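There are 4 protein chains.
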Amino acid sequence: MYNFKNDYTEGAHPNILQKLIETNLSQQNGYGEDEYSIEAKKIIKQHIQNEKASIYFVSGGTQTNLLIISALLQLHEAVISAQTGHIYAHETGAIEALGHRIITIESMDGKITPSAIEQVLKAYSMRPHVVKPKLVYISNSTEIGTLYSKSELADLYAFCLQHSLYLFMDGARLGHALTAGNNDLTLADIAQLTDVFYIGGTKNGALLGEAIVFNNPSLVPDFDYIIKQKGALLAKGRVLGIQFLELFKDNLYFDLAAHANKMAMKITQAMEANGYSFLTYSTTNQLFPILPKSLIQKLKEKYLFLEWKEINEDYSAIRIITSWATNEHIIDEFINDIKQLKVLITKTI
Amino acid sequence: MYNFKNDYTEGAHPNILQKLIETNLSQQNGYGEDEYSIEAKKIIKQHIQNEKASIYFVSGGTQTNLLIISALLQLHEAVISAQTGHIYAHETGAIEALGHRIITIESMDGKITPSAIEQVLKAYSMRPHVVKPKLVYISNSTEIGTLYSKSELADLYAFCLQHSLYLFMDGARLGHALTAGNNDLTLADIAQLTDVFYIGGTKNGALLGEAIVFNNPSLVPDFDYIIKQKGALLAKGRVLGIQFLELFKDNLYFDLAAHANKMAMKITQAMEANGYSFLTYSTTNQLFPILPKSLIQKLKEKYLFLEWKEINEDYSAIRIITSWATNEHIIDEFINDIKQLKVLITKTI
Amino acid sequence: MYNFKNDYTEGAHPNILQKLIETNLSQQNGYGEDEYSIEAKKIIKQHIQNEKASIYFVSGGTQTNLLIISALLQLHEAVISAQTGHIYAHETGAIEALGHRIITIESMDGKITPSAIEQVLKAYSMRPHVVKPKLVYISNSTEIGTLYSKSELADLYAFCLQHSLYLFMDGARLGHALTAGNNDLTLADIAQLTDVFYIGGTKNGALLGEAIVFNNPSLVPDFDYIIKQKGALLAKGRVLGIQFLELFKDNLYFDLAAHANKMAMKITQAMEANGYSFLTYSTTNQLFPILPKSLIQKLKEKYLFLEWKEINEDYSAIRIITSWATNEHIIDEFINDIKQLKVLITKTI
Amino acid sequence: MYNFKNDYTEGAHPNILQKLIETNLSQQNGYGEDEYSIEAKKIIKQHIQNEKASIYFVSGGTQTNLLIISALLQLHEAVISAQTGHIYAHETGAIEALGHRIITIESMDGKITPSAIEQVLKAYSMRPHVVKPKLVYISNSTEIGTLYSKSELADLYAFCLQHSLYLFMDGARLGHALTAGNNDLTLADIAQLTDVFYIGGTKNGALLGEAIVFNNPSLVPDFDYIIKQKGALLAKGRVLGIQFLELFKDNLYFDLAAHANKMAMKITQAMEANGYSFLTYSTTNQLFPILPKSLIQKLKEKYLFLEWKEINEDYSAIRIITSWATNEHIIDEFINDIKQLKVLITKTI
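Chains as they are written, first to last, in my numbering: chain U, 7 to 355; chain B, 7 to 355; chain V, 7 to 355; chain S, 7 to 355.
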């Protein structure tokens, strides 16, 4: 069985493990004051072209989201998110557990627009009987594989600035967004067009780790306290530093994401060649093809994936995720299986 | 200008003020251990026919809701509410500030059904990546004036018991529900068909005060701690005890609510007689008539009320609330004004 | 039995009840937008000589303390309080429930000094592994009856400003402090020498109510949201407004407190005349006389009071509290009883 | 410079890194459902001789402490800890940030006794005006290197059971406790004499990771939700599973701790041989020798350690920590340096 369920089924890119071994017995300061973390932050600052940014490494995505939002908001301030947003759909109420309402926006493509936010602001105007919308949470790529263009992001940030809203980009799959064929954003653009974002490691070749970037550190002068208080400060911070040191040395981070996207694109092309459509338009590593249920049953004998949504009596959408570790031979085999099975199914009918 | 904006524009029923004066210099224990509070609880227990219930008096509705929900839920447990529910629409995120998500149900009549809850349970099944629905919050009468029938409530409670959900009824306007023409519930029924509910005083003739009733006290053995910790324990608890002592002595509570409903019914009949319809079917003290905008403009010269919702270019729904203190002469005048203004408007056109 | 246990055993000063009756049927805006609240705030601003202050009325002391501290601090910021501070000793962990540590200072007289705070700052310097002290909580009069002098308060505030600490004065018994024989502070001084304080109503003749004063409103631009979210916004805010309107019209607030102090002073003098000493030096309405246990036993037959602390085999300190409602005849009787009982006890021995 | 500051200056035991490499490309379920985590839990259950225990792997100590305490307590319930307890002294108010007061006990040896708890219960009896003590937090070995004996732990647990208190043992350095010369406890004993404890990996050879053991899982049926909600659920849970799989296969965990203790014991003997005493009686890997300040200055030229506490004008206590990675040659050199420097200093004087 080959697993397409997510992008964290394998361990880490071998360079990272190699570096862990090489550095293992070097005595280092704890709590992120080690030389690898310091060096990794330096390299990331060069990538984002912002020497003044504050960078912090923590373990995972939910932790990252709750730390950032906790740092930026008071209890009566709320988050605006797409209904598909990870913080709303998959994080066990972590944001509400901090005390904040998430106001959701229904969105076909998983993205948020200024006009949708405007509606929220209008609906939440009866001060003080309602919460105060204060932070806009977006994901890039989104939870359904779509992307923000540079102009979309610029418009969104301009709107946020104008309405005293923070803009926070969840970059759990930022690498996949930035290496997609139709992307026109750079890391440096994102650092200019958001208040805070993070660069996801876990879903792009790290054992664990996300890099939080505050573009203007004066927003959160006490973030170190918050990381520690929430239990997110690793004693051996070196482990996180080494992940990002290896990923951002020599462009590995982008190469890994590009591979995942390329594998996904091969599947996309094969699906289209076989006449199958998609639930969402994805150019990244998450695909939602709509397939005959009979074909899905057959595929399940060899492959693991999520059955996402029933479309009608005969068709369902499934979710397939590729990653830095996806084996191209398997993709070819999968494509071939699709083709063969299609023939078989057609015959059966 | 006469104010129809809400049911708390006047002070308290005179009996309550009289009792405050009579008892003023009697030395009493603090923190609800006074003899008036003790007596009031005794009388309420007789009304609900449950000697074992635990009763607590606190100041207001938002406070009540947050105390009860805080006592019953752990952080990863969520509340299910209609989208119109007071806790979702008008309480500044008080429940989220405790750490709980409110999962909303869209509902035309402001009420919740077992089948709607079933949908929620299905949508929140991906443990542990989603919150755990654990408490169903309903209001009776609802925020849009509607009522639960006995069979509806019985079905809802049976469903909740079966699915290990708590059922909590917000009774900010419970008096108005129980004295509505089409009501078939009693206080004793409610004590049997919910886990916890409260009897609203503020909106039915008290200076302040809500009576929380836990039908089975073993659910919340430490509620006294929670009241104190959240700043809801009045040093002079006598003030709250006296409100409920007067309201529940000699049926005053029900008489006051019946008056409010009767005043509303007069308006309803007049509206219908003039050919106007309503946004919601209300037999209680909140009305949402749909009126010509020109008529609304004229009414605004003499009356205060909320403009609730635009219906189309010519019509809007307004909200009118009557109360224990509503003067019947004013109602007659208002009805007459409607009739006159209708003629006037028709002529103008 | 006459009750000396606390200063909230009776109802309210009759003027307040009278005003409630007079204004009862006047229709008023809810949520503190009534004309009585507006007028009361105006008068208080004159007293404190700060037109720019923000004033809010809420129900009780614990609620007040938690609202203020919640508004001012982030989760990793801590409160410094005397170990006897009400927030530490009597409020069921309300401050910790908000998420903040209370760092306590042992203090013989219930007061806090700059040098004691300096010790705390030193002990909490290992950032980010410890919380960040950020707010100094003091009570005036203190929980053991003592007072801050003007120079003490000025020194404390200068220290706080220098170290970026907020200074918050709990004034549950502020009237008793300001009318004590040895007091040299005014309300206007306090408004200049703290960031925020409150004027206690409940313990000085109100049915309920505390007046929160932010001397510089820009500190807490969203305090209205916080009051609502924590369930502290009364629908009939008029009830609170009327308390303070009556208390601050014609100096009633100070007259009531002066009476309580005068009654306490009569007891103090009698105790001293009989050779009894005190646990703390109080010139306000809380006394802690040290009495023979045999005398205490006799007194308990006629009076209610707290047995505070055992001193040795033969003596204990008790706590006696007088109030605006304390009857001078009873005080005279109590003093006479002390004298008589002392003779009796001496004979017995 | 050689670093004795803590037991997390190096990476991980090589076996762990080797296993990460071996298993790297095996596709595994996320969120701790991988085969390594499952196997590791199985082995730990054998060690503790409790097949029914629930075991969870998380990243670090502060995270572990806050997860467990959050799961067990309601907001009005408090923790009892020694003043030296890690949750009180070094975790940035993480427990208070959950909403719980930590009630501290002053203790010379860092341990808690039933009689000290009894004092706390007495001091916190004025329900509902004070928090309710509900959980006793102990560390073994303690933050100052001391140990609980089996009879001490048995007495403590019996007391806790009798008073409905939970007993939670922080085992950040549990390996060092269990392999100390004067230890008489086993892992199985601890599983019987606590409600919950954790086995620390980070300070004993893991890259990261602590193993939480609930001896009776019915205490916390929803712990999986809590781990996820607090951001502590690693997507690649395999990373944690592999740490404990290697540590508990073939007794590595105990061997590593025994090495650290042996290195510490060599230092202890050398200190004593040179006539130096200790601040605390430690048989584990944390030592607090009291040395002449002149000697400390000299040592600082070659070694890193904490200056812990000034004893008098001439002497201070320092803190030295050894670990699984401490090089015996360095220890010998350090011992020799002490000896040489002592002679040198003596001559100088």
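Do not rely on the hints blindly, as some may be mistaken.
Given that identical chains are not distinguished, each listed pair holds provided it fits within a single copy or across any two copies.
Taking lysine to any residue pairs in the SDA-like style, the calculated list, with each CA pair at most 25 Å apart, reads [what the hints assert, rightly or not]:
1. Lys272 <-> Glu41
2. Lys345 <-> Asn221
3. Lys315 <-> Ile111
4. Lys58 <-> Thr29
5. Lys138 <-> Glu316
6. Lys304 <-> Ser32
7. Lys25 <-> Asn221
8. Lys140 <-> Asp230
9. Lys138 <-> Asn35
10. Lys156 <-> Ile336
11. Lys255 <-> Asn30
12. Lys128 <-> Ser113
13. Lys255 <-> Glu278
14. Lys25 <-> Ala331
15. Lys156 <-> Lys353
16. Lys348 <-> Thr110
17. Lys299 <-> Glu39
18. Lys25 <-> Tyr130
19. Lys140 <-> Ala95
20. Lys306 <-> Asn342
21. Lys128 <-> Lys140
22. Lys306 <-> Gly36
23. Lys128 <-> Thr274
24. Lys156 <-> Tyr321
25. Lys268 <-> Ile44
26. Lys138 <-> Ile109
27. Lys58 <-> Phe294
28. Lys138 <-> Thr110
29. Lys255 <-> Pro134
Calculated directly from the structure, the hints in this document are not laboratory data. Computed from a predicted structure; not experimentally measured.
Comparing the hints with the structure gives:
{"no.": "1", "hint": "Lys272 <-> Glu41", "result": "neither (40 Å within a copy, 31 Å between copies)"}
{"no.": "2", "hint": "Lys345 <-> Asn221", "result": "neither (48 Å within a copy, 53 Å between copies)"}
{"no.": "3", "hint": "Lys315 <-> Ile111", "result": "both (20 Å within a copy, 21 Å between copies)"}
{"no.": "4", "hint": "Lys58 <-> Thr29", "result": "neither (28 Å within a copy, 39 Å between copies)"}
{"no.": "5", "hint": "Lys138 <-> Glu316", "result": "between (37 Å within a copy, 24 Å between copies)"}
{"no.": "6", "hint": "Lys304 <-> Ser32", "result": "between (52 Å within a copy, 24 Å between copies)"}
{"no.": "7", "hint": "Lys25 <-> Asn221", "result": "neither (29 Å within a copy, 38 Å between copies)"}
{"no.": "8", "hint": "Lys140 <-> Asp230", "result": "both (22 Å within a copy, 16 Å between copies)"}
{"no.": "9", "hint": "Lys138 <-> Asn35", "result": "between (41 Å within a copy, 23 Å between copies)"}
{"no.": "10", "hint": "Lys156 <-> Ile336", "result": "neither (34 Å within a copy, 57 Å between copies)"}
{"no.": "11", "hint": "Lys255 <-> Asn30", "result": "both (19 Å within a copy, 21 Å between copies)"}
{"no.": "12", "hint": "Lys128 <-> Ser113", "result": "both (18 Å within a copy, 21 Å between copies)"}
{"no.": "13", "hint": "Lys255 <-> Glu278", "result": "neither (36 Å within a copy, 50 Å between copies)"}
{"no.": "14", "hint": "Lys25 <-> Ala331", "result": "both (18 Å within a copy, 18 Å between copies)"}
{"no.": "15", "hint": "Lys156 <-> Lys353", "result": "neither (47 Å within a copy, 58 Å between copies)"}
{"no.": "16", "hint": "Lys348 <-> Thr110", "result": "neither (39 Å within a copy, 42 Å between copies)"}
{"no.": "17", "hint": "Lys299 <-> Glu39", "result": "neither (53 Å within a copy, 28 Å between copies)"}
{"no.": "18", "hint": "Lys25 <-> Tyr130", "result": "neither (51 Å within a copy, 37 Å between copies)"}
{"no.": "19", "hint": "Lys140 <-> Ala95", "result": "both (20 Å within a copy, 17 Å between copies)"}
{"no.": "20", "hint": "Lys306 <-> Asn342", "result": "within (15 Å within a copy, 67 Å between copies)"}
{"no.": "21", "hint": "Lys128 <-> Lys140", "result": "within (13 Å within a copy, 31 Å between copies)"}
{"no.": "22", "hint": "Lys306 <-> Gly36", "result": "between (46 Å within a copy, 19 Å between copies)"}
{"no.": "23", "hint": "Lys128 <-> Thr274", "result": "neither (40 Å within a copy, 31 Å between copies)"}
{"no.": "24", "hint": "Lys156 <-> Tyr321", "result": "neither (35 Å within a copy, 43 Å between copies)"}
{"no.": "25", "hint": "Lys268 <-> Ile44", "result": "neither (32 Å within a copy, 34 Å between copies)"}
{"no.": "26", "hint": "Lys138 <-> Ile109", "result": "both (10 Å within a copy, 19 Å between copies)"}
{"no.": "27", "hint": "Lys58 <-> Phe294", "result": "neither (39 Å within a copy, 41 Å between copies)"}
{"no.": "28", "hint": "Lys138 <-> Thr110", "result": "both (14 Å within a copy, 19 Å between copies)"}
{"no.": "29", "hint": "Lys255 <-> Pro134", "result": "neither (50 Å within a copy, 29 Å between copies)"}
In the structure shown, a violation is registered for the earlier hints numbered 1, 2, 4, 7, 10, 13, 15, 16, 17, 18, 23, 24, 25, 27, 29, in ascending order.
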